[in-house]
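Which chain is which? The protein sequence lines are A and B, in order.
So that you can map any letter, position 62 of the first sequence is 62 in my numbering, and since no number is skipped, the others follow by simple counting.
So that you can map any letter, position 121 of the second sequence is 1121 in my numbering, and since no number is skipped, the others follow by simple counting.
What the hints contain is simulated information worked out from the structure, not anything from laboratory work.
Worth double-checking, as some hints may not be accurate.
Stated by the list, open to error - The calculated SDA-like cross-link candidates involving lysine to any residue, where the alpha carbons are at most 25 Å apart (straight line), are: (1) A:Lys153 with A:Glu71; (2) B:Lys1107 with B:Ala1095; (3) B:Lys1107 with A:Ala61; (4) A:Lys524 with A:Ala189; (5) A:Lys505 with B:Tyr1103; (6) A:Lys153 with B:Val1134; (7) A:Lys153 with A:Thr241; (8) A:Lys153 with B:Asp1208; (9) B:Lys1148 with A:Trp316; (10) B:Lys1148 with A:Pro124; (11) A:Lys153 with B:His1165; (12) A:Lys153 with B:Glu1182; (13) A:Lys153 with B:Ser1163.
What the hints assert, rightly or not - Selected chain B positions facing chain A (in silico; Cβ < 7 Å): (14) Ala1144; (15) Leu1146; (16) Pro1216.
Glycine is no exception: its CB is placed at the ideal position from the N, C-alpha and C atoms.
Here's the letter readout for the chains.
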Amino acid sequence: MATTVQVLPKPKAYDDTFWKPITLWLTTTDHKLIGIMYMVTGLLSFIIGGIFALIIRLQLAQPNLSVVDHETYNQLISAHGVTMIFFFVTIFLTGIANYMVPIMIGARDMAFPRVNLLGFWLIPVSILLYYGGFFTGGALNAGWTGYAPLTEKAYQGHSLGVDFWALSIIVWAISGIMASTNFLTTIVALRAPGMKLTRLPLFVWAQISTSILLLIVGAPLAAAMILVEFDRQLGTQFFTTQGRPVLYQHLFWFFGHPEVYIMILPGFGMISEIIPVFARKPIFGYISMVAALFGIVFLSMTVWAHHMFTVGMNTWVEGFFMLMTMLIAVPTGIKFFNWIATAWWGSIEFTVPMKFVFGFLATFLIGGITGIYLASVPVDTQLHQSYYVVAHLHYVLFGGSVFTIFAGLYYWFPKITGRMLNRTLGEWNFWTLFVGFNGTFLIMHTLGLEGMPRRIATYANPAWAATNAIITVSSFLIAFSVLLFFINIIRSWYGGEIAGNDPWKGNTLEWATTSPPPPYNFAKVPPVRSFMPLRDLREAGEDPYEPAPVPAQV
Amino acid sequence: MPPRSISDSISGRVAARGARSHGADILGAVTARSLLRLWPLAMLPAAFALGSCEAPGGVSPIFPAPVSPNGQGIYNTYIGISIPAIIIFIGVELALLWVVIRYRRSKQPAGYIPPQIHGNTRLEWAWTAAPLIVVLAIAGYSFAELQKDFQPVTTYDFEIAVSGHQFGWSYTYPEGFTVHQEGTLAGDVTPFVVPVNKLIRLRLQGTDVIHSWWVPAISGKTDAVPGYDNFTWLKIDTVGTWRGECAELCGAGHSTMQIIVQSMSQYDYERWVRQQLATQNASPKPS
Chain A
1 MATTVQVLPK PKAYDDTFWK PITLWLTTTD HKLIGIMYMV TGLLSFIIGG
51 IFALIIRLQL AQPNLSVVDH ETYNQLISAH GVTMIFFFVT IFLTGIANYM
101 VPIMIGARDM AFPRVNLLGF WLIPVSILLY YGGFFTGGAL NAGWTGYAPL
151 TEKAYQGHSL GVDFWALSII VWAISGIMAS TNFLTTIVAL RAPGMKLTRL
201 PLFVWAQIST SILLLIVGAP LAAAMILVEF DRQLGTQFFT TQGRPVLYQH
251 LFWFFGHPEV YIMILPGFGM ISEIIPVFAR KPIFGYISMV AALFGIVFLS
301 MTVWAHHMFT VGMNTWVEGF FMLMTMLIAV PTGIKFFNWI ATAWWGSIEF
351 TVPMKFVFGF LATFLIGGIT GIYLASVPVD TQLHQSYYVV AHLHYVLFGG
401 SVFTIFAGLY YWFPKITGRM LNRTLGEWNF WTLFVGFNGT FLIMHTLGLE
451 GMPRRIATYA NPAWAATNAI ITVSSFLIAF SVLLFFINII RSWYGGEIAG
501 NDPWKGNTLE WATTSPPPPY NFAKVPPVRS FMPLRDLREA GEDPYEPAPV
551 PAQV
Chain B
1001 MPPRSISDSI SGRVAARGAR SHGADILGAV TARSLLRLWP LAMLPAAFAL
1051 GSCEAPGGVS PIFPAPVSPN GQGIYNTYIG ISIPAIIIFI GVELALLWVV
1101 IRYRRSKQPA GYIPPQIHGN TRLEWAWTAA PLIVVLAIAG YSFAELQKDF
1151 QPVTTYDFEI AVSGHQFGWS YTYPEGFTVH QEGTLAGDVT PFVVPVNKLI
1201 RLRLQGTDVI HSWWVPAISG KTDAVPGYDN FTWLKIDTVG TWRGECAELC
1251 GAGHSTMQII VQSMSQYDYE RWVRQQLATQ NASPKPS
């Protein structure tokens, strides 16, 4: 029987157009298109949350300013936190995983494409619900944590902002649980032949641990929000002044602390993918990297009350949470040292993604060390709810998560769009961000030490004026850097240099298909012989792009 | 007496405790120097601010000098954690810097192929054990301080009930009168007066939402939660005025919930108490 080489046919709608017809984007179950929509949604939220942050910084630039009134200020800080945490970082990371995980394991799509579709479309619903609060007499004004009893009806007047927030978070949690279930099933069931668990890319392992976390802690979050709604609308007394307000804090932080790891573990995974590629060395300590991920997953669910060291707990209980919190430094330390060891003796090419990786390492270290101070109960009673905490959390979430997001985007943008991001703009983006970020948040630690509480709408103390002015100026440098980033994205998407299939000489399967990949991802799934399947093929001189031979139609 | 500003009281304390604050300055200098080496660009604004470190209210790497023993305990714990923290910080940042400088492709010989090392079990165990030992030591040290200063005190000279509400504090003294510290943004609130060198237990009570009582120069925060009482204590060793603020977001007036603590000699305090009793008896009082 004669065989001819033939490429699988592409669906017509997908092939012809990228932006149209609109129905394609509304109804697609392709994990790549859904992933792009997640990422775009996340980046739009990043812009909105950033604008909130700039208004906050203008208000605090000098003592006694009134750029906005106190009530509006409280709504802005709440909206900044909710937007960045729930609608930007988590959503963007879900998107990039949605795009990459199936390709990295050699699958054609997610296990439940329609659940994926529904899970994504719940996110715009959640976002619109939250911002809808602004039109009902005022959005959430109790901080992103929304502590009861401040959220109770007695202290909120007639505004419905809290209700809209609670509903928004419930929808968000349902979407997160759907995505987590989908990721876990996909990774367990749809791996390519030869892709044993010990050969999974570390980004995929990171996504497994993230999904487990969200699956476990998403439900208690939704439960807390439902109880808040019961209190507000049905007159129950769970968290009211007559009830147990601290119970809300337990429920919220049982979600809230693991959420921090939901936002950083995928970033850890990206770092573990990017360093080996640009240092041209395999990851150091694959097994200990995976073990450390699961150490973090376990420990992160035993530390939540370290956010509550001033509510008045038994000192032995506080001691337990202090110890567990500090123990997280152990798996994190393993990962850190393994990354340095991976780069050690390497031949490192400092491309833009690699610069962001090292920017991440240098800044995240500070966030980790200040975390040890905050874990110590006596020291925490001083630092808690002060600007020291604000600085710490931005070192972890901006110096941590956002730097990894930039690293991952510069690394995978060529795969997603087929075009390289502009390198010069990228270098400018990195250096302005690095300087602006440290200029904003490094001296912010000292404000907390001097006694400036977080979430105050203004201050009268002239001693804090100079520091706050420096912070505000630096925050506009961050804004400038982010502007460069978006210019780069838009310019490169349309007119960037053509990337080719494997511009970085990658190790993992996403580089073994075209850029952007076809709807079915792989014409022929490449053989997997180690956790660096593409490098194996390159060394063996095999071409992963050769389409599969299929029998000719008779 | 008009309250002195927080910066006055800080600089006053620094002068009184020269030896220890000198130690803190060295600590600060080490941090600043190592940071300067690593991020010349990023540190420019911070370096500018550090230049004005001598001026009151400048950028300080440590809390205001404490005036109460529990605050002193926190201060010492902070210094204790800083020693390993600074060593680890400098060590890891130098390692990163070394990698960036030494192992970049342009510094390697042409055609250099890095050794394909997949790991080293002994090294991996070493950097599992080393952080474990460090954090266990820090946790143990912190726990000792926690047991020493954060247990509810049972022996004390007297107790004052501190009640938080939107937006202000009320202090009820054992003599039966109450000082109302209603919040103002300017911070010119009625001072909360205590005698020096007396161990005073504070009973924190919440009446509406959660507030948090915090005066950095005295000690850490204690939340005022509706439904149950929290306890903290202070024993101020010198005459002076210290400022603080509510530290838990409690509504639109959160930033106005300023606190002023004024310590007086026993003689002045007793005179002040008589004054308060006279004023409060003059006004009609519910029986």
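Outcome of the hint check:
Annotation: proposed proximity of Lys153 of chain A to Glu71 of chain A holds, straight-line Cα distance about 16 Å (limit 25 Å). Of the pairs offered as hints, the one joining Lys1107 of chain B and Ala1095 of chain B holds, with about 16 Å between alpha carbons and a cut-off of 25 Å not exceeded. For a cut-off of 25 Å, the pair hint linking Lys1107 of chain B to Ala61 of chain A is broken: about 44 Å separates their Cα positions. Between Lys524 of chain A and Ala189 of chain A, the direct Cα distance comes to roughly 18 Å. Compliance with the 25 Å bound is thereby established for this hinted pair.
Of the supplied pair hints, the one linking Lys505 of chain A and Tyr1103 of chain B holds, its CA atoms being roughly 19 Å apart against a limit of 25 Å. For the hint pairing Lys153 of chain A with Val1134 of chain B, the CA-to-CA distance comes to about 47 Å; that exceeds 25 Å, so the pair is violated. Of the pairs offered as hints, the one joining Lys153 of chain A and Thr241 of chain A holds, with about 11 Å between alpha carbons and a cut-off of 25 Å not exceeded. For the suggested pair Lys153 of chain A and Asp1208 of chain B, the alpha carbons sit about 12 Å apart, so the restraint of at most 25 Å is met.
A hinted pair counts as satisfied when its Cα atoms are at most 25 Å apart, and Lys1148 of chain B with Trp316 of chain A qualifies at roughly 12 Å. Restraint check: the Cα-Cα separation between Lys1148 of chain B and Pro124 of chain A comes to about 51 Å, which exceeds 25 Å; the hinted pair is violated. Between Lys153 of chain A and His1165 of chain B the CA atoms are separated by roughly 17 Å; this keeps the pair inside 25 Å, and the hint holds. For the given pair, Lys153 of chain A sits about 24 Å from Glu1182 of chain B by alpha-carbon distance, which is consistent with the 25 Å threshold.
Annotation: proposed proximity of Lys153 of chain A to Ser1163 of chain B holds, straight-line Cα distance about 22 Å (limit 25 Å). Because the beta carbon of Ala1144 of chain B sits about 10 Å from the nearest beta carbon in chain A, more than 7 Å, this interface hint is broken. Because the beta carbon of Leu1146 of chain B sits about 5 Å from the nearest beta carbon in chain A, less than 7 Å, this interface hint is met. For Pro1216 of chain B, the interface hint holds, the least distance from its beta-carbon to any beta-carbon of chain A being 4 Å, beneath 7 Å.
The structure does not agree with the numbered hints 3, 6, 10 and 14 stated previously, though it agrees with the rest.
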